[in-house]
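Chemist: Single-letter residue listing:
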Amino acid sequence: MGLPIEPSELERYRPQLLKFAMLQLRDPTSAEDAVQETLLAAIQSGGNFTGKSSVSTWLVGILKHKVIDTIRRQSRERPLELSPDDQSPEDLEALFKDDGHFQDPPADWMDPEAALTQRKFFEALERCLQDLPKNSARVFTMREVAGLDLDEICKEVGITATNCGVLLYRARLRLRSCLEQTWFGGSAPRRK
Amino acid sequence: MKLTCKEAARLISEGLDRNLNAAERTKLRLHVAVCKACDRVSKQFEFLRRAARQYPGPGEEREK
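One line per chain: the protein sequences are U and Y, in this order. In terms of the working numbering, the first sequence is numbered consecutively and its last residue is 192. In terms of the working numbering, the second sequence is numbered consecutively and its last residue is 256.
Honestly, I wouldn't trust all of these hints.
[Claimed, not checked] Away from chain Y, derived, C-beta distances all over 10 Å, residues of chain U: (1) E11; (2) S54; (3) P106; (4) T117; (5) T141.
[What the hints assert, rightly or not] Using 20 Å as the maximum straight-line C-alpha spacing, the simulated EDC-like pairs for lysine to aspartate or glutamate come out as follows: (6) U/K155 to Y/E206; (7) U/K97 to Y/D231; (8) U/K66 to U/E37; (9) Y/K219 to U/D108; (10) Y/K198 to U/E81; (11) Y/K198 to U/D85; (12) U/K155 to U/E81; (13) Y/K228 to U/E81; (14) Y/K198 to U/D108; (15) Y/K198 to U/E37.
Don't read these hints as lab results, they were simulated from the structure. We put the beta carbon where it would ideally sit given N, CA and C, even for glycine.
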């Protein structure tokens, strides 16, 4: 089986792949490298493309593995430096009243699954991820986008499980409220 | 001992990364059963996981 598309045509997926790699690796050189390796691998293994998924889904599938390899390599070179805020998360305290109740209780998101079919939703998610504090974003993408488990993440970035837990908790609370404001708040289209 | 929403939300997050022990699970279940806010938080955190795993979302082709 040959490649369904010309190698030159793969090029048009480069910007999309680069954005995906950048968000997780946060370093232009490593992101470029991962994308380059992905396109090369795609050209070499074109026969594996079954046509069951779209070309971009197939390429992202390859890129995910490359990103995980890069994260593993990089983490050892760039251990994560905790800021004082990461150890005592005052921004999170502010989300709760003194008695431990939410300041602003979470809204009902109605039908969140419908968002998963919309490209615009993922663009909103991407903006929310970019707004996260650096360390939270890095650990969250390792955990939830790359799918690594907690033990591995703590070991790779050289922090304790407790600190790792705080970073993930912050990421989740902030992503939750960011999406509630920018997507589920009613001003954005919920469905077409 | 009862959990506050603040404690419950933290445990909900931790439950996505490690196995909670029996005491934690029981306390959390009791809280979520009677707290609409934390029930939503729990569903929304799980949704964030599904969304992140599917990022970057549907490919261009499907849009055409």
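Chemist: So, for every hint listed, does it hold in this structure?
Modeler: The hints, checked one at a time:
{"no.": "1", "hint": "E11", "in the structure": "holds (14 Å)"}
{"no.": "2", "hint": "S54", "in the structure": "violated (4 Å)"}
{"no.": "3", "hint": "P106", "in the structure": "violated (4 Å)"}
{"no.": "4", "hint": "T117", "in the structure": "violated (6 Å)"}
{"no.": "5", "hint": "T141", "in the structure": "violated (8 Å)"}
{"no.": "6", "hint": "U/K155 to Y/E206", "in the structure": "holds (17 Å)"}
{"no.": "7", "hint": "U/K97 to Y/D231", "in the structure": "holds (18 Å)"}
{"no.": "8", "hint": "U/K66 to U/E37", "in the structure": "holds (7 Å)"}
{"no.": "9", "hint": "Y/K219 to U/D108", "in the structure": "violated (23 Å)"}
{"no.": "10", "hint": "Y/K198 to U/E81", "in the structure": "violated (26 Å)"}
{"no.": "11", "hint": "Y/K198 to U/D85", "in the structure": "holds (18 Å)"}
{"no.": "12", "hint": "U/K155 to U/E81", "in the structure": "holds (13 Å)"}
{"no.": "13", "hint": "Y/K228 to U/E81", "in the structure": "violated (37 Å)"}
{"no.": "14", "hint": "Y/K198 to U/D108", "in the structure": "holds (19 Å)"}
{"no.": "15", "hint": "Y/K198 to U/E37", "in the structure": "violated (44 Å)"}
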